[in-house]
Amino acid sequence: MKPTTLTLRDLLLASLVAIALLGSCQSEKAEEQTDQSKSGQRALAPEEATGQYPYRRLSTYGFFEGEMAQLDPSEKLIPYQPASSLFTDYAMKSRFVMIPEGEKAQLVEDEIELPKGSILVKNFYYPEDYRKPEGDRRIIETRLMIHEEKGWQSYPYIWNEEQTDAVLKIVGGETEVRFIDKNGKDQVINYLVPNKNQCKSCHNKNEALAPIGIQPKHLNNDLKYDSGTENQLAHWTKLGKLEGFTGKDNHPSVINYEDHSQALDDRAMAYLDINCSHCHRAEGPASTSGLFLTFDQKDPMKLGINKAPVAAGKGSGKFKFDIVPGHGEQSILTYRMNSTEVGIAMPEIGRTTIHAEGVELIKEWINQMK
Amino acid sequence: MKEPPLFQHIYMRKFAFHFLISIGLFACGTQTTERSFDSTLLTKASPEQVEQLVEDFILAEDSSTIEIPEGFYELNTQLILDNKSAIRIKGAGMDKTVLSFRNLKSGGEGVKIVGNQISIEDLSIEDAPGDGIKAQHTDGITFRRINVTWTNGDKSKNGTYAIYPVQCKNVLIDECIASHSKDAGIYVGQSENIVVKNSLAFGNVAGIEIENSDNAEVFGNTARDNAGGILVFNLPGLPKSDGKGTKIYDNDIIDNNHKNFAVPIGEDPNGNTVTMIPPGSGIVLLAAKEVEIYNNRILRNKTYGVAIASYQVTGFPAEAPNWSPYTSDVFVHDNQYERKSFSIPDFTREMGQLVTVHNAHGILKTQDIIYDGIWDKSISETIDSNPMRICIQESGMENLRFTRFYLMDGEENIQSFKDHELFQNCKVNVQTNVSGIAFLNSAPIQ
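Protein chains in written order, with the numbering used here: chain A, 1259 to 1628; chain B, 162 to 607.
Treat the hints with care, as some may be off.
Said to hold, decoys possible - No farther apart than 27 Å at their CA atoms in a straight line, the calculated lysine-lysine pairs in the DSS-like style are these: (1) A:Lys1576 with B:Lys318; (2) A:Lys1374 with B:Lys318; (3) A:Lys1556 with A:Lys1496; (4) A:Lys1443 with B:Lys266; (5) A:Lys1621 with B:Lys245; (6) B:Lys266 with A:Lys1576; (7) A:Lys1440 with A:Lys1334; (8) A:Lys1496 with A:Lys1440; (9) A:Lys1334 with A:Lys1443.
To be verified - Sample of chain A residues lacking proximity to chain B, with all beta carbon distances greater than 10 Å (derived): (10) Ala1303; (11) Met1326; (12) Lys1334; (13) Glu1369; (14) Glu1407; (15) Glu1419; (16) Lys1443; (17) Asn1479; (18) Thr1487; (19) Lys1496; (20) Asp1524; (21) Ile1590; (22) His1613.
Please keep in mind that the hints were generated in silico from the structure rather than gathered at the bench. For every residue, glycine included, the Cβ atom is placed at its ideal position computed from N, Cα and C.
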């Protein structure tokens, strides 16, 4: 951010900082009383990279070179990007994986197993103006998933207003975000940082924390690297970081739902897969519903066609079935996507706004069903 | 009226606080927003205390206790206990420790529990936008003296389930209170080995519901002032495809005449089966298997005391793998019935209209037991051989109002019969074994 003139926004930011500081002062006081090692004062103290995760400060990991806010990855990190992206209130994301020196990921039976010590780094940020996404931006949080001895662990780090560092905050948080959308309209979002255990609401495979984006189906596609464009799994292989990749056609691949040149059916299934199937699959927490939304789902009942809800409560609205063929507007699927009310809105966490483009896509898809 | 001991206790001690905000009488049912105590009188926990509580859940170590001192905790994030073993969560009392989720901005439930040998005791949960407390994939889950409720005057804003174990094993719900949920107060789904006892469910759409579950005993409870008192359902298309073995005994199932507020007044039922339950329902069996109902007091439920129904009555597609839409192997005996005087059955729901108009005893007559008479024709051509094994042995059966319907030739050809004799000379041996849950009963793990 270039502090040239004092604008209303700067004032607002300043007051937000003040409020945030006020808040942290209070929590510091509480820490003194309870002698708990949390955020606040201790987080600001210097910290050494002992190898004992998690660190209190994001900077301690040394993921980025130069100015932190540039998110310029060190050589240890490989950038990655799933073909389709989970909608999180229009936040933009930059993702990196760190695989320990001398170790390799294994691709076995359409799963990628990352070695212990691997770290996934996912940064959530908002450009000030979506018409110029490469321009000034505000990074809100960085979520780490660390593959520890006892399995995957998740750690949310919240960035400071100065954008110089982020601090571990396992209880999550909430912050107001302002930006200009791609149509030039001012937007305000009440952004929610999940608490540590909420991460597993999505990252859940048979009740173990698990990565979502690191699956062959999401990464079996091209990405632009500094060295040129290349299939991501082929790139990892070339770097000596992946074993088991035998060529694009030998592994599943989900398309990018934003790619309008693709078939509607494929786009809709890609959308449902990345936005819903982490819960709505046999291994996910929403298996209770019997609604399974992975991209390769073919069983009409599991897909929700003329399927009555089970425990949807007010999420059902006025409607009888998850999908009523030919009637996107009468389907529970779109009703829940099109709501921000807690108890109705789906997904249950990760958004406080409606993904208008997503709702349109799924409506269109249901409308053309017979 | 029999209430759980602790509830009596609260009644006595907190009598001054106990009030009925409003009880209204509507054409389609009564409505209550009764509260067990007034949580607004408690001291508010500080933001630091609230944050501490969130952190205690996240950082809990196996074999430990999370104590939640007296206070009113306003949470804006979920409390999640994840993959822990032998944890006891303990408040200072239902009327002392209150977790309010009124300000929750995302998340399907207020409290979520996953793990093994978990107990949660002595606290209240209020105003979760979705479900109150949910336990999933947990082996050994005890809810003891917890009160889960909603305090909205407008009940259409209330959440779905109050106490919600799903895909669990060895579930004990003891001396709990569940009220004002828009679906079921106590809902046990896709689980096995279940005891629901000495609890109170009131002001919900459904009081207590056992769904797609095996081996359940429901006893010593009071289900009053709900639209439906106690429900046993099996729904199609779920990972746990069917359920069997439920005993319902020694319960008070009383005055379940609350309006069905699962959908707004005047709106048709949606795809949630519970939206079809007519106010005035005592016990409802839907696609249920192996159920014994005995020694209950089934009193003043204005539409019917017990309904035995197959899934076809919902009108929804009734085919799914490893699941049968028929209710079968039911034994109803030795219950006490009392019909509500000066009242008529519900007519807001199809099942209510069926009773109101088509029962075998005359229009507008409340029924004690109804059977939809839908049977599997691949077993028998006629119902005379009692192919679904529905057995009813109530004393003074001749004084009870029993209707068997015939619904299998469409709405234009509905018939009804008083022929209880067809179902009277048989027994069903329903097997349940919940002895494994006894250990959950003993002093909590430390």
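Q. Between Lys1440 (chain A) and Lys1334 (chain A), is the straight-line Cα distance small enough, at 27 Å or below?
A. The given pair, whose Cα atoms are some 34 Å apart, is violated under the 27 Å limit.
So is Glu1407 (chain A) really clear of chain B, every C-beta pair being over 10 Å apart? holds (15 Å)
ask   = Is it true that the CA of Lys1576 (chain A) sits at most 27 Å from the CA of Lys318 (chain B)?
value = holds (15 Å)
**Message:** Would the hint linking Lys1496 (chain A) and Lys1440 (chain A) be met if the CA-CA limit is 27 Å?
**Reply:** violated (37 Å)
| request: Determine whether the non-interface label on Lys1334 (chain A) survives the test: each CB of chain B must be over 10 Å from its CB. | output: holds (28 Å)
* Can the restraint linking Lys266 (chain B) and Lys1576 (chain A) be considered satisfied, given a maximum Cα separation of 27 Å? -> Between Lys266 (chain B) and Lys1576 (chain A) the Cα gap is close to 23 Å, so the pair holds against 27 Å.
Interface exclusion of Ile1590 (chain A) relative to chain B, criterion Cβ beyond 10 Å:
violated (7 Å)
**Message:** For Lys1334 (chain A) and Lys1443 (chain A), compute the direct alpha-carbon distance and say whether it is at most 27 Å.
**Reply:** Given pair Lys1334 (chain A), Lys1443 (chain A) is violated - Cα atoms ~39 Å apart, limit 27 Å.
Taking 10 Å as the cut and beta carbons as the points, is Thr1487 (chain A) off the interface with chain B?
-> holds (37 Å)
- Message: Please verify whether Lys1621 (chain A) and Lys245 (chain B) have alpha carbons no more than 27 Å apart.
- Response: At roughly 40 Å apart (the allowed maximum being 27 Å), Lys245 (chain B) and Lys1621 (chain A) break the hint.
* **Status of the stated non-contact between His1613 (chain A) and chain B (beta carbon gap over 10 Å)** => holds (14 Å)
Given hint Lys1496 (chain A) paired with Lys1556 (chain A) - CA-CA distance at most 27 Å: violated (35 Å)
In this structure, the earlier hints numbered 2, 3, 5, 7, 8, 9, 21 are contradicted, and the remaining ones agree with it.
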